[in-house]
Amino acid sequence: RNTYSEGRMAAMITVSSASASASACLGRICGPQTQMQRKLQVQLQIERKGKGRTMATRGVVTCMAGTGKFFVGGNWKCNGTKDSISKLVSDLNSANFEDDVDIVVAPPFVYIDQVKSTLNDRIKISGQNSWVSKGGAFTGEISVEQLKDLGCDWVILGHSERRHVIGEDNQFIGKKAAYALSQNLKVIACIGEKLEEREAGNTFDVCYEQLKAFADRVPSWADVVIAYEPVWAIGTGKVATPEQAQEVHVAVREWLQKNVSSEVASETRIIYGGSVNGSNSIELAKQEDIDGFLVGGASLK
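So the sequence shown is numbered by the numbering used here: it starts at 29 and just counts up by one.
Be aware that a few hints might be false.
[What the hints assert, rightly or not] No more than 27 Å apart at the CA atoms, straight line, and that leaves these computed lysine-lysine pairs for BS3-like: (1) Lys203 - Lys214; (2) Lys110 - Lys222; (3) Lys105 - Lys286; (4) Lys176 - Lys152; (5) Lys152 - Lys110; (6) Lys286 - Lys222; (7) Lys162 - Lys105; (8) Lys314 - Lys152; (9) Lys329 - Lys222; (10) Lys152 - Lys115; (11) Lys240 - Lys286; (12) Lys152 - Lys97; (13) Lys203 - Lys105; (14) Lys97 - Lys110; (15) Lys176 - Lys97; (16) Lys152 - Lys105; (17) Lys240 - Lys329.
[What the hints assert, rightly or not] The following label-pair restraints were derived from C-beta to C-beta distances: (18) Arg150 - Ser112: 39 to 45 Å; (19) Ser161 - Cys106: 22 to 28 Å; (20) Gly263 - Val138: 18 to 24 Å; (21) Gly263 - Gln211: 27 to 33 Å; (22) Ser290 - Ala228: 28 to 34 Å; (23) Lys240 - Ser210: 18 to 24 Å.
No wet-lab data here; the hints were simulated from the structure. It should be emphasised that the depicted structure is a prediction, and the values quoted were computed from it without experimental measurement. By construction, the Cβ of each residue, glycine as well, lies at the ideal position given by its N, Cα and C atoms.
Required output: the full structure, derived from the provided sequences and hints.
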């Protein structure tokens, strides 16, 4: 990847892995582009006291300077109460974040306003889903316009739980992405294979089909982050090895290069999700093509 070959940056990172925020899963920090080799020492000290102790993970990670900021998203899914969300926001507000990292959280819809009114502006807010068009007589749905009215900058689309539990197909998800982007709402576009698809050797084909549904309708990729989330590693405690994740990320980037453009392939951030936590994020983040994380359960702890 040419943009990544222009200069190396070593990051020495201290991460307290049991953080209540998604930033606990920061294994790598990528700064702005540079023509010179340089070292950056970053200390992220984010503490969570639990059962009388604080857990910590330390690592030294080498990464490449890229065109975009490292991205960490916390998907809270259908979890939380007013009280627990308030505690989570308090922990986030007390954390220190580096400038070269985008932090995004996706609360349950009913708590977005609560989070927006109390959360540090440094952290952006995402919806977990949105309707395919302007709102109206669509019981139980939430529109892009409503998300924007609440102060959301992002929306997660194509998550495996929407695909395989709710039954959304590739084309419907692609339409959702197109509408969200047309209304200036940025998109976290999720892709990923089920266990049986991986075991059958169809991982790439499944991801390519899902990518194509986005590519067929997305007018510009400037406001899109791709999240590779192998379904078999979501909420199971299993996690793709760094090599498995990197292999798919490379394939996704190559697909973008062949089917969209070299510029989009180079500049689009591809993040990993699937049982990510403060312990395994260090090794995952060493991979050149992993540009961040979409964190589920660990972002609540």
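Holds or violated: 18 to 24 Å for the Cβ distance of Gly263 and Val138?
21 Å, holds
Hint says 22 to 28 Å; check whether the CB-CB distance for Ser161 and Cys106 agrees.
Taking Cβ atoms as reference, Ser161 and Cys106 lie about 24 Å apart, which means the hint holds.
Need the status of pair Lys176, Lys97: alpha-carbon distance at most 27 Å?
Measuring from Cα to Cα gives roughly 23 Å; hence the hint holds.
Is Lys110 close enough to Lys222, meaning Cα to Cα at most 27 Å?
Between Lys110 and Lys222 the Cα gap is close to 34 Å, so the pair fails against 27 Å, i.e. violated.
Would you mind confirming whether the straight-line C-alpha gap from Lys203 to Lys214 stays at or under 27 Å?
14 Å, holds
Are Lys152 and Lys115 close enough, with their CA atoms no more than 27 Å apart?
17 Å, holds
Cβ-Cβ distance between Ser290 and Ala228: within 28 to 34 Å?
31 Å, holds
Assess, step by step, whether the Cα of Lys314 is no farther than 27 Å from the Cα of Lys152, and give holds or violated.
25 Å, holds
For the pair supplied as a hint, Lys105 and Lys286, confirm whether the alpha-carbon distance does not exceed 27 Å.
34 Å, violated
Supplied distance hint 18 to 24 Å, evaluated on CB atoms of Lys240 and Ser210
Cβ of Lys240 to Cβ of Ser210: about 19 Å, so the range 18 to 24 Å holds.
Check whether the Cα positions of Lys97 and Lys110 lie no farther apart than 27 Å.
Given that 27 Å is the threshold and the Cα spacing comes to 31 Å, the pair is violated.
Does Lys286 lie within 27 Å of Lys240 when you go C-alpha to C-alpha?
Holds - the C-alpha atoms of Lys286 and Lys240 are around 12 Å apart, at most 27 Å.
In summary, the numbered hints that this structure violates are 2, 3, 14, 17, 18.
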